[in-house]
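Participant: Modelling step: build the complete structure from the supplied sequences, incorporating the hints.
In this text, residue positions in the sequence shown follow the UniProt record's numbering: the first is 1, and each later residue adds one.
No lab work stands behind these hints, which were simulated from the structure alone.
One or more of the hints may lead you astray.
[As the list claims (entries may be wrong)] Restraint ranges, calculated between C-beta atoms of paired labels, are given here:
| no. | residue 1 | residue 2 | range |
| --- | --- | --- | --- |
| 1 | GLU257 | ILE151 | 46 to 52 Å |
| 2 | LEU292 | TRP104 | 20 to 26 Å |
| 3 | THR232 | ALA280 | 29 to 35 Å |
| 4 | GLN235 | THR70 | 30 to 36 Å |
| 5 | PRO71 | SER300 | 16 to 22 Å |
| 6 | THR70 | LEU292 | 52 to 58 Å |
| 7 | ALA280 | GLY149 | 44 to 50 Å |
| 8 | GLY10 | THR196 | 47 to 53 Å |
| 9 | LEU155 | ALA112 | 35 to 41 Å |
| 10 | TRP315 | VAL282 | 16 to 22 Å |
| 11 | GLU98 | THR121 | 22 to 28 Å |
| 12 | GLY87 | ALA27 | 22 to 28 Å |
| 13 | GLY37 | TYR215 | 43 to 49 Å |
[As the list claims (entries may be wrong)] Okay, derived cross-link-like pairs now, DSSO-like style, lysine-lysine, Cα gap no bigger than 27 Å in a straight line:
| no. | residue 1 | residue 2 |
| --- | --- | --- |
| 14 | LYS251 | LYS13 |
| 15 | LYS148 | LYS163 |
| 16 | LYS139 | LYS251 |
| 17 | LYS139 | LYS163 |
| 18 | LYS163 | LYS251 |
| 19 | LYS148 | LYS136 |
Note that CB positions come from ideal geometry on N, CA and C, so glycine has one too.
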Amino acid sequence: MGQFFTLLKGGNKPSLIAAIVNTIIAALKGGAFFLTGNVAMFAEMMHSIGDAANQFFVFIGSALSKKAPTPKFPNGFGRLVNLVCLGAVILVGILSYETIKEGWHHIQHPVASGGLAISLTVLGIAIILEFAVLYKAGKEILHEVGIKGSILAPLTTSFAHLKRAKPATKLVFMEDLVATSGGILAFVAVLISHFTGFLQAEGIASILIGLMMFYVVGKVFLDNARGALGETDEQMLVHIAHLVSDVKEVKDIQELEVIKEGEFLHVTLVAEIDASLSFATVDDIHDVLKDLILSQQGVSDVTISFDEDDGVKTWNHHKDSKTVLKTNDKK
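Facilitator: Structure (structure tokens):
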């Protein structure tokens with residue numbers, strides 16, 4: 001049990017913060033829905049419940065994925081966070097369906113809801129809190145990829161680097177982006193319904209929120225399915241190839257793999273060197289390459305082997321400067 005709590009300390013912090021915030025928001029929205037009967041509020045309540053449960057699971061999964069390898073699981077537990085995310089999106093998918101179904105029912109049988117002040121107040125608080133979590137997740141993305149930016153960067157630059165973010169951070173960012181957008185949509189729908197008498201607006205908002213939730217389900221599912229299978233990080237592969245090629249003793253790269261394992265990258269390198277080098281020199285080259293590769297963002301382990309240079313250039317991967325990471329993108 002002590003080891004479990006120790007692992008929790010290393011869990012993804014944005015997902016824990018998001019889970020706590022969404023639990024509070026879900027309780028507020030649940031109370032508002034009970035008092036007002038507002039369908040848009042129901043959709044937002046379901047959304048927040050799904051997000052909170054999702055993010056609690058992801059936090060635990062991200063923590064357990066850092067468990068050290070064991071004799072029974074020598075490759076470690078890195079992909080556990082992907083499996084947890086895959087399980088978590090099932091819950092969001094169910095809640096998405098219920099949200100759309102309730103919205104459709106309200107469109108067919110519109111009913112006026114009361115408590116305008118309560119609905120707008122709760123939605124306003126929820127939007128502010130969700131936006132704060134979204135901003136925090138954006139900052140974490142920039143931190144994970146080693147980029148500094150302006151005060152607006154977490155809401156702008158973070159989108160460009162979303163693919164390189166850790167699975168848990170990416171899920172929090174996407175969920176809270178949809179949650180913030182959904183809160184604004186529900187806020188507008190409540191106003192339209194109250195001041196124009198177009199009661200179906202709340203049902204339409206509920207359906208749109210449900211569809212946005214389904215988008216997150218699909219996106220997160222595909223991303224984590226690739227992660228669970230073991231996906232090549234093409235950008236980091238080109239970057240590491242570029243660094244290894246710059247080591248003067250390396251004549252060629254015979255083989256290079258950079259595989260994503262949850263939040264970590266596992267690197268396998270076969271380099272060609274001069275056959276006349278002494279064992280001591282080769283050992284020094286091994287240490288230089290190992291330290292160089294392990295210093296890169298997200299790399300947790302590296303396996304290096306050597307072969308004699310055959311004089312034939314094997315490595316022909318494209319080395320476009322646009323795809324090579326900046327040298328400051330390190331831990």
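Participant: Does each hint hold? Answer for all of them.
Facilitator: Status of each hint after checking the structure:
1. Roughly 39 Å separates the CB atoms of GLU257 and ILE151, a value that falls outside the hinted 46 to 52 Å.
2. The hinted window of 20 to 26 Å between LEU292 and TRP104 is violated, with their beta carbons roughly 57 Å apart.
3. In this structure the supplied range 29 to 35 Å holds for THR232 paired with ALA280, their Cβ-Cβ distance being about 34 Å.
4. Against the hinted window of 30 to 36 Å, the Cβ-Cβ separation of GLN235 and THR70 comes to about 31 Å, which satisfies the hint.
5. In this structure, PRO71 and SER300 meet the distance hint of 16 to 22 Å, their C-beta atoms being roughly 19 Å apart.
6. Taking the beta carbon of each, THR70 and LEU292 are about 29 Å apart, not inside 52 to 58 Å as hinted.
7. About 45 Å separates the C-beta atoms of ALA280 and GLY149, a value consistent with the hinted range of 44 to 50 Å.
8. The hint said 47 to 53 Å for the Cβ distance between GLY10 and THR196, and at roughly 51 Å that hint holds.
9. Here the CB-CB span from LEU155 to ALA112 is close to 36 Å, well matched to the stated 35 to 41 Å.
10. Checked against the hint of 16 to 22 Å, the C-beta distance between TRP315 and VAL282 comes to roughly 19 Å, which is consistent with it.
11. Checked against the hint of 22 to 28 Å, the pair GLU98 and THR121 passes, with Cβ atoms roughly 25 Å apart.
12. A C-beta distance of roughly 24 Å is found between GLY87 and ALA27, which places it inside the suggested range of 22 to 28 Å.
13. Range check, GLY37 to TYR215: about 27 Å between beta-carbon atoms, so the 43 to 49 Å window is missed.
14. This hinted pair does not check out: LYS251 and LYS13 have alpha carbons roughly 43 Å apart, beyond 27 Å.
15. Among the hinted pairs, LYS148 with LYS163 is consistent with the structure: their alpha-carbon atoms are about 17 Å apart, no more than 27 Å.
16. A distance of roughly 40 Å separates the Cα atoms of LYS139 and LYS251; the hinted pair therefore is violated under the 27 Å criterion.
17. With a CA separation close to 15 Å, the supplied pair LYS139 and LYS163 stays within the 27 Å bound.
18. Distance check on the hinted pair: LYS163 and LYS251 sit about 32 Å apart at the alpha-carbon level, beyond 27 Å; violated.
19. As the CA atoms of LYS148 and LYS136 are separated by approximately 14 Å, the hinted pair is consistent with the 27 Å bound.
Consistency with the previously given hints fails for numbers 1, 2, 6, 13, 14, 16, 18, ordered from lowest to highest.
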